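2 protein chains.
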Amino acid sequence: MESRKQPLIITDKTQMRNWSRSARSQGKTIALVPTMGYLHQGHLSLVKEAHNHANLIVVSIYVNPGQFSPSEDLSTYPSDFHGDILKLVTIPGGVDVVFHPHNLYDYRTDNENKNYSVDCSNSCKNLEGEGVVSCVEEKGTGHETWVRVERLEKGLCGKSRPVFFRGVATIVTKLFNIVEPDFAVFGKKDYQQWRIIQRMVRDLDFSIRIIGSEVMRETDGLAMSSRNVHLSAEEREKALSINRSLLKAKSCAEKGQRNCRELRNLVIQAIDEAGGKVDYAEIVDQESLEAAEEIKSPVVFCVAAWFGKVRLIDNVEINM
Amino acid sequence: MESRKQPLIITDKTQMRNWSRSARSQGKTIALVPTMGYLHQGHLSLVKEAHNHANLIVVSIYVNPGQFSPSEDLSTYPSDFHGDILKLVTIPGGVDVVFHPHNLYDYRTDNENKNYSVDCSNSCKNLEGEGVVSCVEEKGTGHETWVRVERLEKGLCGKSRPVFFRGVATIVTKLFNIVEPDFAVFGKKDYQQWRIIQRMVRDLDFSIRIIGSEVMRETDGLAMSSRNVHLSAEEREKALSINRSLLKAKSCAEKGQRNCRELRNLVIQAIDEAGGKVDYAEIVDQESLEAAEEIKSPVVFCVAAWFGKVRLIDNVEINM
Chain A
1 MESRKQPLII TDKTQMRNWS RSARSQGKTI ALVPTMGYLH QGHLSLVKEA
51 HNHANLIVVS IYVNPGQFSP SEDLSTYPSD FHGDILKLVT IPGGVDVVFH
101 PHNLYDYRTD NENKNYSVDC SNSCKNLEGE GVVSCVEEKG TGHETWVRVE
151 RLEKGLCGKS RPVFFRGVAT IVTKLFNIVE PDFAVFGKKD YQQWRIIQRM
201 VRDLDFSIRI IGSEVMRETD GLAMSSRNVH LSAEEREKAL SINRSLLKAK
251 SCAEKGQRNC RELRNLVIQA IDEAGGKVDY AEIVDQESLE AAEEIKSPVV
301 FCVAAWFGKV RLIDNVEINM
Chain B
1 MESRKQPLII TDKTQMRNWS RSARSQGKTI ALVPTMGYLH QGHLSLVKEA
51 HNHANLIVVS IYVNPGQFSP SEDLSTYPSD FHGDILKLVT IPGGVDVVFH
101 PHNLYDYRTD NENKNYSVDC SNSCKNLEGE GVVSCVEEKG TGHETWVRVE
151 RLEKGLCGKS RPVFFRGVAT IVTKLFNIVE PDFAVFGKKD YQQWRIIQRM
201 VRDLDFSIRI IGSEVMRETD GLAMSSRNVH LSAEEREKAL SINRSLLKAK
251 SCAEKGQRNC RELRNLVIQA IDEAGGKVDY AEIVDQESLE AAEEIKSPVV
301 FCVAAWFGKV RLIDNVEINM
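These protein sequence lines map, in sequence, to chains A and B.
For reference, each letter of the first sequence is one residue, going 1 to 320 in UniProt numbering.
For reference, each letter of the second sequence is one residue, going 1 to 320 in UniProt numbering.
Just chain A, with the same shape it has in the complex (with noise of 0.2 Å):
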């Protein structure tokens, strides 16, 4: 029996850029693949795509509280540490660094620690007067530096989680700057969050390629993903009405149909009928993420809904 890669796992971020400068002075290549944990094989996927690009895989493992306003599900996300070692450990070729922080918000020096303890992953901070508020925010010297990519932050999922981007650019900017990777690996189920991370990859000149790796799915189409664990059995047969409309419109815009009213009103309907309440349902130009009208070139369709206590989020893309 082939003997498996016991992956390093590293908390402090001094000794997580140490190894990556170790390594790259030894003349390897890193891929970072950022990840909240609570893995399933769409993970496993970005990993295995990293494989193709790099000579080691650093995968972090943090549920990152700036994202999270203080009315979303932070303290009920999923984790389970223990088990996303053991599936990493499955991968062909393994990971070579898991790196797990407790804090990334939390600048005091180990001397300043010593008699404190502090997780900002059960409480948020509401902060009164601030229009924007994330899970990370307070006053006098703590954490107030945020990375925003204007206007793709705007639209699909920014509507409707004001905080969501510009938490999701901070946390990717700090792991970059810890852990100085060659590669970033990011899975296009979270297209918006993708196209934000390349955009601001450009825009700041980081010296990062950035990997999109296809959405995975469960073998009844359901897009995976961490959250489908709070699906009740009917509420998961339900969100099925995401991908087989998506799928559905996708073909009809192949037949001829490229009127974005019409397919929007397709998928609407039948996540309607099936009892999911839509957030949105948008046809966007695959780089700018604007609204078509009518698809002329490469757009991709985005859907966020709601079944019962859990938001879903899924996209195709329809190259014409």
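Hint data in this document are derived by calculation from the structure and do not stem from the laboratory.
Keep in mind that this is a model prediction, so the values were computed, not measured.
Careful: at least some of the hints might be erroneous.
The list treats identical chains as interchangeable, and a pair is accepted whether it falls inside one copy or across any two copies.
What the hints assert, rightly or not - The calculated lysine-lysine pairs, modelled on DSSO-like cross-linking and capped at a C-alpha distance of 30 Å, are:
id, residue 1, residue 2
1, K309, K255
2, K238, K13
3, K159, K139
4, K5, K277
5, K139, K188
6, K154, K28
7, K87, K48
8, K238, K248
9, K309, K250
10, K5, K250
11, K296, K28
12, K250, K139
13, K139, K189
14, K5, K159
15, K250, K189
16, K296, K139
Starting from the known structure of chain A, fit chain B onto it as the hints suggest.
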């Protein structure tokens, strides 16, 4: 006669990064001194400070359109690249690289650029319906990622220059990602800028040590600035009121006057009487930059004032 070191002049960002990585792989440390050119003794003192920390010195010379609003003085900002090089050569130890890019917001590939020339330093594009606009904003796939240090950027100079610090933080991030230095030196004359960059580096986990360098002054006390050349002889004389009144306020504070309103009135009145127009005169905490009512801890007295068409800034630290 000692032969003087001629800096290597690099205009291409990939070449710049390759130079830094090659130097780092040989165990050298690099300090970056970001400037907008038209160098004076203040800048040269930053380079001298840089020599105290690193083996190799990179001075960037780039007038950043991203920190100017369309109504500001981008088009008249003084420049003298040849003169700048001559000055840098006189510094003991010299500088190793002058990074002098043409346009850091143009992301087309070399191929796309072949028959195209762009110079965003001569024009500001105004966008209808956008709130905060700098001279690099444009629709479509143009630059749209901004780094914001949300609390520190608001007060002092941020009040009258709403795009300024977002532009500074963003260009410094870009320069950090291109030059990849170990140290970066900023003048404490731009006190708020220095604190913002420090906070940004902490919050985004850049592995760069920020060095603050003391204000350099003409023999009569005027803080050195590239904008001083625009002052008439008469305005220049009047402008001395800034530093003189700041020193008087500091001395009063040291003698026991801790009331900030009294100290501010002293400065406002002095500048007013000299014929200047005060933009702000604030006594703030040295780190949080929050306004103080009474001096109980280390503060900095920051002033911005107009003399004719020239806006000058200056400050003194008051350590209690």
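Contradicted hints - numbers only
Failing hints, ascending: 1, 2, 4, 6, 10, 11, 14.
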